[in-house]
Every structure is written in structure tokens, then in C-alpha cells.
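**Q** In our numbering, each residue carries its 1-based index in the sequence shown increased by 24.
Take the hints with a grain of salt, since some may be wrong.
[Said to hold, decoys possible] Listed next, the in silico EDC-like pairs over lysine to aspartate or glutamate satisfying Cα-Cα at most 20 Å (straight line):
id	residue 1	residue 2
1	K55	E100
2	K244	D132
3	K70	E38
4	K125	D105
5	K125	D110
6	K125	E241
7	K219	E238
8	K70	D198
9	K140	D198
10	K140	E73
11	K140	E238
12	K44	E102
13	K44	D105
14	K125	E238
15	K44	D110
16	K44	E27
17	K223	E241
18	K223	E238
19	K223	D198
20	K55	E65
21	K44	E100
22	K140	E85
23	K55	E27
24	K219	E241
25	K120	D211
26	K223	E190
27	K70	E85
28	K120	D110
29	K55	E34
30	K120	E238
31	K55	E38
32	K125	D211
33	K244	D211
34	K70	D110
Because the hints were derived from the structure by calculation, they are not lab data.
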Amino acid sequence: MFELIRSNPESYCEIWRANKDGRFRIYKALKSEYAGDTVYERLLRKEFEIGYSLSHPNICEYYGFVNIPPLGNCIEMEWVDGYSLDTLLPRGAISKTLASKIINETCDALAYMHSKQIVHRDLKPSNIMLTYNGNNVKLIDFGLSDSDAHSVLKGSAGTQIYASPELISGGNVDYHTDIFSLGCVIDRLSPAYAKVARKCCQRDPSRRYQSALEVKEAIKHISRLPLWLAVVALIAFVTLLSIRPWTRHVLSGATDSLSKVVGTDSASVIQTVDSGQMVGIGSPSTDSTSNKDNFRNPPESAKAASATVKSSDSTKKIVRKDESKSEKKEPSPRQAKPQSDKEAIDELFRQATELFDQ
Numbered sequence: 025m026f027e028l029i030r031s032n033p034e035s036y037c038e039i040w041r042a043n044k045d046g047r048f049r050i051y052k053a054l055k056s057e058y059a060g061d062t063v064y065e066r067l068l069r070k071e072f073e074i075g076y077s078l079s080h081p082n083i084c085e086y087y088g089f090v091n092i093p094p095l096g097n098c099i100e101m102e103w104v105d106g107y108s109l110d111t112l113l114p115r116g117a118i119s120k121t122l123a124s125k126i127i128n129e130t131c132d133a134l135a136y137m138h139s140k141q142i143v144h145r146d147l148k149p150s151n152i153m154l155t156y157n158g159n160n161v162k163l164i165d166f167g168l169s170d171s172d173a174h175s176v177l178k179g180s181a182g183t184q185i186y187a188s189p190e191l192i193s194g195g196n197v198d199y200h201t202d203i204f205s206l207g208c209v210i211d212r213l214s215p216a217y218a219k220v221a222r223k224c225c226q227r228d229p230s231r232r233y234q235s236a237l238e239v240k241e242a243i244k245h246i247s248r249l250p251l252w253l254a255v256v257a258l259i260a261f262v263t264l265l266s267i268r269p270w271t272r273h274v275l276s277g278a279t280d281s282l283s284k285v286v287g288t289d290s291a292s293v294i295q296t297v298d299s300g301q302m303v304g305i306g307s308p309s310t311d312s313t314s315n316k317d318n319f320r321n322p323p324e325s326a327k328a329a330s331a332t333v334k335s336s337d338s339t340k341k342i343v344r345k346d347e348s349k350s351e352k353k354e355p356s357p358r359q360a361k362p363q364s365d366k367e368a369i370d371e372l373f374r375q376a377t378e379l380f381d382q
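Full structure from sequences and hints, please.
**A** Structure follows, in C-alpha cells:
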């Protein structure tokens, strides 16, 4: 019993499902209007030969080329119990973890294909299947692989969105074409990998990543970089707050952004500093703790203060900055120019990035 499960108006084939020996199988056959056409018959046969030569956990398995009345010539292949990526994208934001998994497994499949000198040529969300059990990638549809008939089959606007410039113009096509299409898919998956997507989609193929494994490595680098920077930045922020509590209003925006990475909020970060509970950083002294309310004012108020702030018995006198200048200490010739808070933070980020790259 054959069941029609997909008949895309933009495709020259129909997808049927049937039970064979207690297991589902997929049968890909030409639509009636294309049956008997030598160009499309040859494409169907070529797709089978390519698919049958591949064996990879992230590529749909091809079993045989059979003739089944009234379907005609068919490709018998693995039934993927799942859904295509193009049905997932409209549902909303995809987690970074899932996006990374999809990209990495697609890169693995492409790297394997390219090692066999095979170019997919039609990589797009509808040709990336995800299994219900584990969201594992299964690459499908090799109808355009190593085909010279792209001018006939690239009429679909949906396909052209993911097609490289050289493929559309009929130029020289190689694995760079798949890298371009992969970049378009990455761009749809997550804004976190926009930098990788841009390099994949360079008009000049030589400026793209030179392999799918390079793309995978770039994704891995971006996935772990924010965590390292977040840890270093959090330490820097909390240290600066504990030393100069009046800078809270300057850093509040930065801690809000940081909280999205480390999973907390700026209020809790500041509260942690006030309570002296930050692990790995020296706790504020008793004096600074007792005077925390006084330090909530901006530096101008501290400069203008000329008397002792009435607080508790442990409160100390705040010395004005202009009075400290009267000590007439000669600055060391090697002493660097004091940095602003922003410059200090930028420098910490720069050092953190260099440390990570090592």
C-alpha cells in the first residue's frame, strides 16, 4: 500500500511511503508529467547512484533503484522519522545548543560528501531532516548533485535564496557552492553565528571557508568564546564595583548584557558585591561595607564633600581629591596615565580575548 506523503509543486518528483517487511520505506518517483523525459529520468538515476555510494550517519541511506507500477522507476530509500528544518524555523527562536548541533552535523555530512568529490548543490532547510528521536541531522535529496541541469531545475525562488552566485550564473561549481548555501542556512538558524554566515556567503568563493570542517571549527570557537569572556568580564566588573562602588551606574548596562550569557541579572551581581559573597575575589572591607550607602552618589558629590559624613562609629572621613593633591607627590616618570573606567574595561576584554586565543 503506497501512501503519497509529499508532492512539492517546485519539485519534479513525488515522495511515497510504503511498508516493506515490517518497516517503512520511502520511494521517490517522477511526477506523471516528467515520467519518460530522458533528462529527468537520467537525473533520478544519477541521484540514486550518488546516494547509494554514500554511507554516513547524517545522510539518508539509499537502498535500491526499482520499477513499481504505476509509479514507474523509483529510488527506494530510508524512512526518516522526523521533520525538515524548514518546518522548524517558523516556530520561533531556536536555542543556540540546537542550532550548533544542526550546523555541526550538517558540516560533518558535507565534509564526507566533499571527500568523495560530490557537491550537493541544493542545500537548504527543506533538505535537512531532523529526527524526532534526538534531533539528528539527515541530509536528503541529491537530485542536483554533480548535475549540469541546474539551469532547468533552479527556477524555484525558494531554492535560489540558498544558491551561490556561481551556481545561478552557470559558472564553475565545486564545494564552495555548498559552503555558500550552508552560510544561508546558518543565517536563518541563529544570529549568534552571523559572522560565520557572512564569511560563508562571500561572493568570491576564495574568500569563503575552504571546507565544511573549517565552518564547524568556527562555530565551535564562537560557542565557547562568550563563556570565557563572560567569566573574565564578570570578575572585572565585580572587582571594579568593589573598589569603586560609584561606578555602578556606569556598568549597569554592561552587566545587563553580561547577565544574558552567565544567567544572572545586574541587580544580583551588585548585591553580591555589597554582601561580600563573591567567591575568588577579596571581600570589601568593613569600612567600605558600612559606607556603601554613601558611595551610591556619583563622584561629583564625593569631590564636593568637605566634612565628615555622619554614618556609624566606624565611618571614616572622606578626603577630598583636591586636598590629596596638596601632598605634592612627584609622579613616577614610568607611571602610566590613569585609565577611565571604560578604557579599563576595554583593556580587560582585550587581554581576555588574547588569553583565550592562546
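**Q** Kindly indicate which numbered hints from before are broken by the structure, ordering the numbers from low to high.
**A** When the structure is compared with the hints, numbers 15 and 34 turn out to be violated.
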